[in-house]
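Peer 1: Here numbering that gives the first Met the number 0 is used: the first residue of the sequence shown is 0, the next is one more, and so on.
Please keep in mind that the hints were generated in silico from the structure rather than gathered at the bench.
It should be emphasised that the depicted structure is a prediction, and the values quoted were computed from it without experimental measurement.
Some hints could be false.
[Unchecked claim] No more than 20 Å apart at the CA atoms, straight line, and that leaves these computed lysine-lysine pairs for PhoX-like:
no., residue 1, residue 2
1, Lys93, Lys59
2, Lys327, Lys59
3, Lys59, Lys340
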Amino acid sequence: MFDFISDFFGVIFNVIFNGVEILTPIGTLGFAIILFTLVSRLLMTPLQIKQQRTTRTMGKLQPELQKIQKKYAGKKDQASQLQQSQEMQALYKKYNINPLAGCLPLLIQLPLIYAVYAVLRQPSRHIEKLAELYAQIAIKIEAALSNSAQVINELLIEHPFSSTAQLEIDKLGDSVVLANQLANFTTKQWEYLLEKAPELNQILEVLMQQKIDYEYFFFNLVDSPSQLVSGGNYFALVVPILAGASTFIFSKLTMAQSAPPASSNSENPAESMMKTMNIIMPIMMGSISYTVSTGLALYWIAGNLIMMGQQAWIAKVVKKQEAVIDEKLRLEREALAKTSKKKKKKKKPIDNKQADDNNKPVKERKERKQPDKD
């Protein structure tokens, strides 16, 4: 299933790359990743609208849900539990919401996000022009070096692949060819190869320049920030910093726009968990972005920035839908308040004189009612 979704997004990525290359052959992969991020986020927009609408409506219904829970508090018998569940389901149906709908969009998004990451881990598997470029480089290397396999093996012993790159290589099994390995080469590995076989500098000059034009976007998008920093490029630290900072800002905006008005002064456990995640997630994303390819980190950063604008638009859409629910809740709560007042008026307090009279024996009350006979 994941392979099918990855192939689907891979086709989209390839089309975007070809379109960007027509406009600019410089930084093509970087611009393609940003546009690809925009398209993938737009495809997930309906799911996000559904998720946010459900979350906010559930928050607005908390007073009604708490009344039902209070009504059956302490009742553990099966009949009472069933009745409580039925009343809650009736409330959900009345306002056309499904509690599971808040989680369902997230569960659907997970395989989509995984598929997008799979595409970006090795773009050359899905972008035809990159695949052709690496195939041409491999042909020239094998033609120029009679011991090309030995040189590559020595290179990988000296500078092994990262765990992510090795994972992509292992997926190919016995069908691994030189072009697949070259597609995962970092800047340091290329420098080692050209140093070991200096004759390749002139042979690969044109193709290597095309590769740099495609993949260079402030940094080589195949390299990870950790690899760039170890090579002396400390400016690459800006990548994990931006990833963590954009994740933090986006999380704060999401929490502010998704959270319904508090129904009480007590702290909501779900809100506490969200606050904790708002601290953990930026640190986690910054750490991961330091070790993965810069291209994948660029996707996360661009995704956060795009989702900030998307979140503001979704909030407006959901707010319009909420107006109907707010009005319905207001009318029903007003009607319930009026009914409650009428019930209180019917229960008139008994005056003290009448109360004393009611407490006297029946015989004494009868004597008081009969007139004295002369």
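Peer 1: Could you run down the list of hints and mark each one as holding or not?
Peer 2: Going through the hints against the structure:
1. For the given pair, Lys93 sits about 13 Å from Lys59 by alpha-carbon distance, which is consistent with the 20 Å threshold.
2. For the proposed pair Lys327 and Lys59, the alpha carbon gap of about 11 Å is at most 20 Å, so the pair holds.
3. Restraint check for Lys59 and Lys340: the C-alpha separation of about 24 Å exceeds 20 Å, so the hint is violated.
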